[in-house]
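Undergrad: One-letter residues, chain by chain:
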Amino acid sequence: MLRNLFAALSGGLFGAGLLVSGMVDTTKVQGWLDVFGNWDPTLAFVMGGAILPMALAWRVAARRGVSRLGTPIPARAEPRLDHNLIIGSVLFGAGWGLAGLCPGPALASLSFGGWGGALFLLAMGAGMVAAPAIRRRIDRLPA
Amino acid sequence: MIEQDWVHGFIGGLMIGGAAALYLLVNGRIMGASGILGGLLDGTERGLWAERLSFLAALILVPVLIVPLYTVVDTHLTQNWAVIVAGGLLTGIGTRLANGCTSGHGVCGISRLAPRGIVSTVFYILAGGLTVALFRHVLGVI
Numbered sequence: 001m002l003r004n005l006f007a008a009l010s011g012g013l014f015g016a017g018l019l020v021s022g023m024v025d026t027t028k029v030q031g032w033l034d035v036f037g038n039w040d041p042t043l044a045f046v047m048g049g050a051i052l053p054m055a056l057a058w059r060v061a062a063r064r065g066v067s068r069l070g071t072p073i074p075a076r077a078e079p080r081l082d083h084n085l086i087i088g089s090v091l092f093g094a095g096w097g098l099a100g101l102c103p104g105p106a107l108a109s110l111s112f113g114g115w116g117g118a119l120f121l122l123a124m125g126a127g128m129v130a131a132p133a134i135r136r137r138i139d140r141l142p143a
Numbered sequence: 144m145i146e147q148d149w150v151h152g153f154i155g156g157l158m159i160g161g162a163a164a165l166y167l168l169v170n171g172r173i174m175g176a177s178g179i180l181g182g183l184l185d186g187t188e189r190g191l192w193a194e195r196l197s198f199l200a201a202l203i204l205v206p207v208l209i210v211p212l213y214t215v216v217d218t219h220l221t222q223n224w225a226v227i228v229a230g231g232l233l234t235g236i237g238t239r240l241a242n243g244c245t246s247g248h249g250v251c252g253i254s255r256l257a258p259r260g261i262v263s264t265v266f267y268i269l270a271g272g273l274t275v276a277l278f279r280h281v282l283g284v285i
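If you read the protein sequences in the order shown, they are chains G and A.
Each residue of the first sequence is one higher than the one before, starting from 1 at the first, in this note's numbering.
Each residue of the second sequence is one higher than the one before, starting from 144 at the first, in this note's numbering.
None of these hints come from the bench; they were simulated from the model.
Bear in mind that the values here come from a model prediction, so they are computed numbers and not experimental data.
Quick reminder that beta carbons are idealized off the backbone N, C-alpha and C, glycines included.
Hints are supplied without guarantee of correctness; some may be wrong.
[Said to hold, decoys possible] Partial chain A-side listing against chain G, Cβ under 10 Å, derived:
| id | residue |
| --- | --- |
| 1 | ASP148 |
| 2 | THR214 |
| 3 | TYR267 |
| 4 | GLY272 |
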């Protein structure tokens, strides 16, 4: 129960932060990516602001080894740069550039994003469901 | 006015990082929006469903409470449905293949100096920049 309560606190704070930061506004996101147009650096301030408390959190987590509710802190992923990471990141970047929404803001803006926001979320969900089959094909590619 | 956007961005960023810190230090999990939604949709680590659902419900519902404080909140999303569908599909497939998005690889990965997080972030920003350059300045669709 406590676990769900804190998950909700975290999700709520995340949603509020996305709204306050302006990252639910696709013009700001596409403005950050638009280096040949009217470049908007806001996203860098958001990233910087988010990385600061999280860098501290990782230090505390490394010292403790387990979370407050007793879950082991996730181990560092092996620094393996595989096909899925690169292809996935490029596909995501293309989608992010096209629409100006990434998964967090797409969810946070559901209540005020209109039919377009809901359509984006549906398409994103369909993509997520399709991904494991695509991953299996990519895994068969020669290294 | 532009500077005010940066200040709001930084404050909102602190809140996002605070949310990620809470999820890590209390629940022991990495706060990645695509992982939490995608895991729920494709059944990865099924036992986490309640925690994930709680996170997503609050992520969607808390903005409902805050939006009235603003005079205008607009996502300014394109009205072009083909662009919306393509963008959504690519975002869904890409984030699940890469195992993370802006929150997981960006916020949580970079702050841990995780090589995969840093590499992913470089690639999705480059791909996003090229996409905007092509579709806005060459093709003029977005």
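Undergrad: Does each hint hold? Answer for all of them.
TA: Structure-based check of all given hints:
no.	hint	result
1	ASP148	holds (5 Å)
2	THR214	violated (13 Å)
3	TYR267	holds (3 Å)
4	GLY272	holds (5 Å)
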